[in-house]
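Visitor: From first to last, the protein sequence lines are chains A and B. Residue 11 in the working numbering sits at position 11 of the first sequence, and the numbers go up by one each step. Each position in the second sequence, counted from 1, maps to that position plus 1000 in the working numbering.
These aren't lab readings, by the way, just hints derived from the structure by calculation. Predicted, not measured: the structure shown is a model, and the values here were computed from it. Check the hints yourself; a few may be wrong.
Claimed, not checked - No more than 27 Å apart at the CA atoms, straight line, and that leaves these computed lysine-lysine pairs for DSS-like: (1) 99/A to 70/A; (2) 1042/B to 9/A; (3) 71/A to 1042/B; (4) 1022/B to 1105/B; (5) 1071/B to 1112/B; (6) 1057/B to 1105/B; (7) 57/A to 70/A; (8) 1058/B to 1042/B; (9) 1022/B to 99/A; (10) 1068/B to 99/A; (11) 71/A to 9/A; (12) 1037/B to 1058/B; (13) 1068/B to 1112/B; (14) 1042/B to 14/A; (15) 1071/B to 1105/B; (16) 1112/B to 1037/B; (17) 99/A to 1057/B; (18) 1037/B to 1071/B; (19) 1068/B to 1042/B; (20) 1071/B to 99/A; (21) 1108/B to 9/A; (22) 1042/B to 57/A; (23) 1058/B to 99/A; (24) 1042/B to 99/A; (25) 1071/B to 1058/B; (26) 1022/B to 1071/B; (27) 1108/B to 99/A; (28) 1057/B to 1071/B; (29) 9/A to 1037/B; (30) 1108/B to 1042/B; (31) 57/A to 1037/B; (32) 9/A to 1105/B; (33) 57/A to 1105/B; (34) 1037/B to 99/A; (35) 99/A to 1105/B.
Claimed, not checked - Reference listing, derived: stretches of chain B covered by chain A, where coverage requires no fewer than 3 residues with Cβ under 8 Å from a Cβ of chain A: (36) 1014 to 1020; (37) 1045 to 1053; (38) 1081 to 1092; (39) 1104 to 1110.
Built from N, CA and C at the ideal position, the CB exists for glycine as well.
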Amino acid sequence: NAGVTQTPKFRVLKTGQSMTLLCAQDMNHEYMYWYRQDPGMGLRLIHYSVGEGTTAKGEVPDGYNVSRLKKQNFLLGLESAAPSQTSVYFCASSYSTGKTEAFFGQGTRLTVV
Amino acid sequence: GENVEQHPSTLSVQEGDSAVIKCTYSDSASNYFPWYKQELGKRPQLIIDIRSNVGEKKDQRIAVTLNKTAKHFSLHITETQPEDSAVYFCDTYEERSQGNLIFGKGTKLSVKP
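Okay, chain A solo, but in the shape it has when bound:
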C-alpha cells in the first residue's frame, strides 16, 4: 500500500516549456487535490477533483490544467511554464472532503528558469 505517489520528485524547466505532474493513489479515494507551496508559505489549492472525470478550480488555477481520467490518477499540467510557477507541488487525496484525513504525496520540487 504505497498511499499517494507523485512523479517526478524534481524537475527543472525552461520558461515556455510544458510538463505534466502525475499523482497516483491506491486507497480508492474519490477526492484528489493539487496544491502549491512557496517558500515560507502555506498550501494553496490549485485544482481539485471530486471523482473520476471531474475537475474544479481552486484558489490559484491560472496557468494550470488538470485531468482525472482514472479514479486513481490526477494529472497536473503546465502548458507554458513561467518562473512564477517555481514551487513545491503537493498532491493529496481523501475519502471525503472535510470529513476525513487527507493523505499527501512526497512533493515535486519544480524550478522554472
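Since the structure of chain A is provided, determine the placement of chain B on it from the hints.
Guide: Below, chain B alone, put in the same frame as chain A:
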C-alpha cells in the same frame, strides 16, 4: 473568500514550554477538525483530529480542543521538544463547495533547546 484563519503565523518557545495554535472557521456545518504537521522538506501528515461531537481529544503531549459556539479549534502541545519544530496546518471546507479543501496559512513552531 477566507474561510479559515490560523494564528499565530510564527511561534517560538523554550523546550519544555507549552505551545498553542488556533484556527477559526466560518462554516457552522463543519464537523471535522484536523491538525497536520509538516517537518522541513517533508509532506504534511495528520497528527490529531477531532469531530464535532466531542470538545477535546488528547494523544500523549498533543491535544485538540473545539469551541463550536465561537467556531474555533486549537492545537495544544505540552512539554515541547526540539522535534516538535515544524509547520502546523489546520484545514476546513465549506459544505456548499464539496472538494474545496482549504488549509490555514500555517504556523511555524520553533522549539529552542
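Visitor: The structure should be examined with respect to each hint, and the outcome stated for every one.
Guide: Status of each hint after checking the structure:
Restraint check for residue 99/A and residue 70/A: satisfied, since their Cα atoms lie roughly 23 Å apart, inside the 27 Å limit. A distance of roughly 12 Å separates the Cα atoms of residue 1042/B and residue 9/A; the hinted pair therefore holds under the 27 Å criterion. Distance hint between residue 71/A and residue 1042/B is fulfilled; the C-alpha atoms sit about 25 Å from each other, no more than 27 Å. Restraint check: the Cα-Cα separation between residue 1022/B and residue 1105/B comes to about 11 Å, which is no more than 27 Å; the hinted pair holds.
Annotation: proposed proximity of residue 1071/B to residue 1112/B is violated, straight-line Cα distance about 31 Å (limit 27 Å). Taking the CA atoms of residue 1057/B and residue 1105/B, the gap is near 23 Å; set against the 27 Å cutoff, the hint holds. With a C-alpha separation of about 18 Å, the suggested pair residue 57/A and residue 70/A falls inside the 27 Å cut-off, and the hint holds. Simply put, residue 1058/B and residue 1042/B have alpha-carbon atoms about 24 Å apart, close enough for the 27 Å limit, and the pair holds.
At roughly 19 Å between alpha-carbon atoms, residue 1022/B and residue 99/A fall within 27 Å of each other, so this suggested pair holds. For a cut-off of 27 Å, the pair hint linking residue 1068/B to residue 99/A stands: about 16 Å separates their Cα positions. Between residue 71/A and residue 9/A the CA atoms are separated by roughly 22 Å; this keeps the pair inside 27 Å, and the hint holds. Between residue 1037/B and residue 1058/B, the direct Cα distance comes to roughly 16 Å. Compliance with the 27 Å bound is thereby established for this hinted pair.
For the given pair, residue 1068/B sits about 33 Å from residue 1112/B by alpha-carbon distance, which is inconsistent with the 27 Å threshold. With a CA separation close to 26 Å, the supplied pair residue 1042/B and residue 14/A stays within the 27 Å bound. Only pairs whose Cα atoms come within 27 Å are accepted, and residue 1071/B paired with residue 1105/B is accepted, the gap being roughly 17 Å. Proximity of residue 1112/B to residue 1037/B is assessed by CA-CA distance (about 18 Å); at most 27 Å being required, the pair is judged to hold.
Between residue 99/A and residue 1057/B the CA atoms are separated by roughly 16 Å; this keeps the pair inside 27 Å, and the hint holds. Between the alpha carbons of residue 1037/B and residue 1071/B the distance comes to roughly 22 Å, so the proposed pair stays at or under 27 Å and holds. Between residue 1068/B and residue 1042/B, the direct Cα distance comes to roughly 32 Å. Violation of the 27 Å bound is thereby established for this hinted pair. For the hint pairing residue 1071/B with residue 99/A, the CA-to-CA distance comes to about 16 Å; that is within 27 Å, so the pair holds.
Proximity of residue 1108/B to residue 9/A is assessed by CA-CA distance (about 24 Å); at most 27 Å being required, the pair is judged to hold. Between residue 1042/B and residue 57/A the CA atoms are separated by roughly 25 Å; this keeps the pair inside 27 Å, and the hint holds. Distance check on the hinted pair: residue 1058/B and residue 99/A sit about 19 Å apart at the alpha-carbon level, within 27 Å; holds. Between residue 1042/B and residue 99/A the CA atoms are separated by roughly 24 Å; this keeps the pair inside 27 Å, and the hint holds.
At roughly 20 Å between alpha-carbon atoms, residue 1071/B and residue 1058/B fall within 27 Å of each other, so this suggested pair holds. Straight-line distance between C-alpha atoms of residue 1022/B and residue 1071/B comes to about 11 Å, which keeps the hinted pair within the 27 Å bound. Only pairs whose Cα atoms come within 27 Å are accepted, and residue 1108/B paired with residue 99/A is accepted, the gap being roughly 25 Å. Between the alpha carbons of residue 1057/B and residue 1071/B the distance comes to roughly 17 Å, so the proposed pair stays at or under 27 Å and holds.
A C-alpha spacing of about 20 Å is found between residue 9/A and residue 1037/B, which places the hinted pair at or below 27 Å, so the restraint holds. A distance of roughly 14 Å separates the Cα atoms of residue 1108/B and residue 1042/B; the hinted pair therefore holds under the 27 Å criterion. A threshold of 27 Å between alpha carbons decides the hint, and for residue 57/A with residue 1037/B the separation of about 25 Å falls inside it, so the pair holds. A distance of roughly 24 Å separates the Cα atoms of residue 9/A and residue 1105/B; the hinted pair therefore holds under the 27 Å criterion.
Only pairs whose Cα atoms come within 27 Å are accepted, and residue 57/A paired with residue 1105/B is accepted, the gap being roughly 19 Å. In summary, the hint linking residue 1037/B to residue 99/A is supported, as the alpha carbons are separated by about 18 Å, within the 27 Å threshold. The straight-line distance between the Cα atoms of residue 99/A and residue 1105/B is roughly 20 Å, inside the 27 Å bound, and the hint therefore holds. Coverage of a stretch by a chain is defined here by at least three residues with a beta carbon nearer than 8 Å to that chain's beta carbons; for the stretch 1014 to 1020 of chain B and chain A the count is 0, and the condition is violated.
With 3 residues carrying a beta carbon less than 8 Å from a beta carbon of chain A, the stretch 1045 to 1053 of chain B meets the three-residue requirement, and the given coverage holds. Counting residues of the stretch 1081 to 1092 of chain B whose beta-carbon sits less than 8 Å from any beta-carbon of chain A gives 3, enough to reach three: the coverage restraint holds. With 4 residues having a beta carbon nearer than 8 Å to a beta carbon of chain A, the stretch 1104 to 1110 of chain B meets the requirement of three or more and the stated coverage holds.
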